[in-house]
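Number of protein chains: 2
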Amino acid sequence: MQYHLNGVRTGDPGLVDAAKVDEAESHVDVLIVGCGPAGLTLATQLSAFPDISVAIVDRKSGPLEYGQADGIACRSMEMFRAFGFAERVAKEAYQVNEVTFWRPSVGGAEIRRVERIRDVEDDVSEMPHVILSQARVHEFFLEAMARSARRLEPRYNRELIRLKRGCRDGDPVEAGLACLDRGDRSETVFARYVVGCDGARSTVRKCMGLELKGESAQQLWGVMDVLCTTDFPDIRFKCAIQSPDRGSLLIIPREGGYLVRLYIELDALREGERAADRGVTAEALIERARTIFSPYSLEIKEIAWWSAYEIGQRVCDRFDDRSDGRHPRIFIAGDACHTHSPKAGQGMNVSMADAFNLGWKLAAVLRGQAAADLLYTYSDERRAQAQELIEFDREMARLFSERSASAENANRFQRYFSKHQRYTAGVETRYEPSLITLGDSQQELALGLVVGMRFHSAPVVRAADGRLMELGDCLDADGRWRLIAFAPHGDSGTGAVWNLCSFLQSGGSGDPLCLAGQDEDPDSVIDFRAVFQLPHRKLKLDEMPELLLPRKGRYGLIDYEKVFCADHGSGPDIFEMRGIDRTRGALVIIRPDHFVAAVLAVGSTEKLTGFFVEVFGTQHDKRTAAAGYGTGHAGTRLP
Amino acid sequence: MQYHLNGVRTGDPGLVDAAKVDEAESHVDVLIVGCGPAGLTLATQLSAFPDISVAIVDRKSGPLEYGQADGIACRSMEMFRAFGFAERVAKEAYQVNEVTFWRPSVGGAEIRRVERIRDVEDDVSEMPHVILSQARVHEFFLEAMARSARRLEPRYNRELIRLKRGCRDGDPVEAGLACLDRGDRSETVFARYVVGCDGARSTVRKCMGLELKGESAQQLWGVMDVLCTTDFPDIRFKCAIQSPDRGSLLIIPREGGYLVRLYIELDALREGERAADRGVTAEALIERARTIFSPYSLEIKEIAWWSAYEIGQRVCDRFDDRSDGRHPRIFIAGDACHTHSPKAGQGMNVSMADAFNLGWKLAAVLRGQAAADLLYTYSDERRAQAQELIEFDREMARLFSERSASAENANRFQRYFSKHQRYTAGVETRYEPSLITLGDSQQELALGLVVGMRFHSAPVVRAADGRLMELGDCLDADGRWRLIAFAPHGDSGTGAVWNLCSFLQSGGSGDPLCLAGQDEDPDSVIDFRAVFQLPHRKLKLDEMPELLLPRKGRYGLIDYEKVFCADHGSGPDIFEMRGIDRTRGALVIIRPDHFVAAVLAVGSTEKLTGFFVEVFGTQHDKRTAAAGYGTGHAGTRLP
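Residue numbers (the numbering used here), protein chains in the order written: chain E, 772 to 1410; chain Z, 772 to 1410.
Rather than coming from a laboratory, the hints here were simulated on the basis of the structure. Fair warning: this is a prediction, and the values are worked out from it, not measured in the lab. Be careful, since some hints might not be right.
In this list, chains with the same sequence are indistinguishable; a pair is considered to hold if it fits within one copy or across any two.
[As the list claims (entries may be wrong)] Here are the simulated DSBU-like pairs of lysine-lysine, each with C-alpha atoms no more than 35 Å apart in a straight line:
no.: 1; residue 1: Lys1378; residue 2: Lys935
no.: 2; residue 1: Lys831; residue 2: Lys791
no.: 3; residue 1: Lys984; residue 2: Lys791
no.: 4; residue 1: Lys1072; residue 2: Lys984
no.: 5; residue 1: Lys977; residue 2: Lys1311
no.: 6; residue 1: Lys862; residue 2: Lys935
no.: 7; residue 1: Lys1378; residue 2: Lys984
no.: 8; residue 1: Lys1309; residue 2: Lys984
no.: 9; residue 1: Lys1311; residue 2: Lys1323
no.: 10; residue 1: Lys1072; residue 2: Lys1323
no.: 11; residue 1: Lys935; residue 2: Lys831
no.: 12; residue 1: Lys831; residue 2: Lys1309
no.: 13; residue 1: Lys1309; residue 2: Lys791
no.: 14; residue 1: Lys1323; residue 2: Lys935
no.: 15; residue 1: Lys862; residue 2: Lys984
no.: 16; residue 1: Lys1072; residue 2: Lys1309
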């Protein structure tokens, strides 16, 4: 954590100074509808920018008390780290380490353990796969929002009843909200952008005239969170049990050491039938679970929550309201635009990833850094991802439900499961080339930092203080791009890296670091760092280019956290782990949402410039655009 | 973290259910005077017990805003983990990784780096050595207290003015407090025990008729926390600079990436002269620092805090008010009983360690678990430790101040410094044999778990869920003893460990686990766990002795967190790291403050019983004692 830059202040360094705000609540930059994982992720991301006004509303009367989602993928933990609360989640959560598989012996009637695999293979992510109540995750988001400069809090008891886009492209969106706690009262909010994070029955989606398309539900499942006693030995492992003839069951141990979630397969549904039609009871779920556990005992002491649901995989055609020549102003994220079965453990994670993809883009456009074209990439990137997830989920659900009488089927399930652990970890998402993902990257310079995929961290040593850390620790959710130079062999800041710095400091019209305003720190838009191959004791900080020891803040203090070295402590270093060309080095551009936008040669200043000009426009464009961005809201022309 | 044992409850699991309390504020079990590190540690420890009433008072009007202490030893971080906030400290703090030494070249006038060493060698502790403002540490303690069952908060503006022990041994101590915020008002508090954590000028100590004894101060030092710019390359390392002729300077980089603490050597004081007499100014400190830094630049942008002080090492003859035949009722801890120079970075750490030593003992006696004899060990153990520290500190200060003209002296300082890194880490404390530290332990069974020293953690894998973790993670600050069986080779719970469990479950009069009351969980007094040599995938949980899967809480849920395996992942396992006899195993008794009380053979049930009978009395004694412990306070006879 870096703080005290503009003077020493006592107290909690995570509590940002409150911004002075005198805007009307009825006019905001972004209106977020829904306080689920997507809505809260988006609100928390936007709350990082004191100059953006946000309203987040929910028809519920208060925060979620008991959530349905619980699985938190490694990738989501990486995002939580960027938001500053991963260590708190890790502390309270159950950590998924292994998965065991039980099924009947061939021709036998009793289940037995047939395999155990690691849940997260080595070097999938430096963060763990954990299980924690969704409600608790919400609380961490709410705390983070509340500690931001605008002290953002949701407005509850507000139900969206209408949504209207203005006639002209620059007009705000008009949203009508029923005030559920105030009789028949309603209010109107004018927003530059509206994002529907309002779940599978999204009103925003309906107002956009879109619908979820996909398979109807055909398989009924039950789920319950229980305190129980059993002599089944794997009750604290994630565990898939396929019974001889009574269906399947998935055990997800929960946080706190005692609670357990059971996913229980029930019957196939008839065409058009819904879960609610079946009148499933908690007793029926218990009974079925006991049968599947047999001959092991299962005594339920308390049911904390239970439900029955049908599996449906559905997705919207697009996630925004773009139309001919009109940039999108209304978006949907999370369950509002795609739904899936819970067992792949993806619902909450994908919803949060949607919002993390959208948040920085909205911020960049609202702050005048980028043109509105950037916003198209949200629907393009996330819809493709949702489609892929649905295919994965469908296959997974099918394999899981296949009766285990056939050992071959069971083996197929295990193989599929195992193969897709990386997928489930959330680290397999790969975006296609676009405005923000360079098609003709020099991928061969860093084979393990795949363009279009999330930046895969590795350990490094910070040169100025010798601290061993993850390079990914630097990727805060602050809307900044990262430019990381991996120095060629022998370069101690005096060779190719020096030349790169000279270019970046030249202040030419295409120089991307010029994007920072006159009064801003040089790294306020693009955060430039370097990783050297030398051990840190060999690197001379006093010979570093100035740009890697930038002066910041009102005192011009030196930021010492830009220079890193490979870790020579033990095992492979970051260059080896990420397949970085030791001879030539590599220059990696990382998006604010942690995705690798480009891999270039350290000397590719032209391509580098070209990329950022595409995204941001030239410095001149940017200034002009910024001038059009005032503090007023309604009717203000957008950049 | 374990929670949900007695039913699922939403919200923050660290927030303990509030206890119903209807005691008068004027009658408490323990009165703590002073809200410094010692007082807050003690209060936080005692707040873990809902049945103990505590008042903590301070003459100041509110919490500390800017603290002087900042160094947090590895051992203190281990303690913070036990209190549940180590990860928050680690996140905000500066981590000390290396120390560099600068001095003039022989005959030269310019300083240069002559050595760099690691600050914490491998396997000194699994926790880092960090730097964080004392005020922030206080805040974490205050939060922990406030979240305890009694929602303990300090009472500020209360100054101790008198202290009187009753005539009879069982009478409470009467404390008079001036209410500084209420004119001439004062109030009286009756307490079973009073602990003075009220600093070097302790009123409690004076009331006890004790004084600090030791060397008078002779060396003047300045200290300042600054935001500065410099071209000195090691400004983010802990760094000792010895200038050619202008004295020495110690750099302690601070949290947040910009702030730095400088300890600056000033002049020798004359006999009887105090720091205040010299009229030191901030300007003079800056001037001296600039001279020592020369030829490197040093520009001070902001002074967050500064002070001048003289070094004095002083200690009290004893830390309690024992007298012929009368058990102690009044104690002193921290600076109230010993003072030292700040540069060894020990002040705050030793104060907290005092309180951590005393807290569980007071709790055990107050709760009727142990006889009051236990309380003698506090002064005995901690005074010896303070004396040792003072000798270390004196030598360190002397070596540090010796002019560096002599390379030999400089080298001696470096050697001493390096040798004592373990000492500074706080892990060298070793208590003598006593009631609670077994003299005739079988140390050879676990050479790396030294009797009288803190339990040295190592990684293990939890059998029930395959989680790789530190065994030390289990040592919560909950007043419980730990009994850890390290199983002999080949034992999977069916051999020596099985026999031990049979003995422990026998319920015989000497069986220590019987100390838990009828309505309490079996591990409520002694927390029994086992570590096996087998890989966790080989261990069969369903063949474990019941005692290692104990039933707890109102539902009789199974606690799955008692069984561990050696980590076969990579490198040496816990048996190798801690020198545990693989053939015979070992049985280790750990005190509530993490110190190893005994190392025994797994089958040494007689010695085991003997030890606990000494500490707790027999079950019969205990019940009798407990009967004498009511909820009333004033005048209640003590056990």
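Query raised in the report: Looking at the structure, which of the earlier hints fail to hold?
Result: 1, 3, 4, 5, 6, 7, 8, 12, 13, 14, 15
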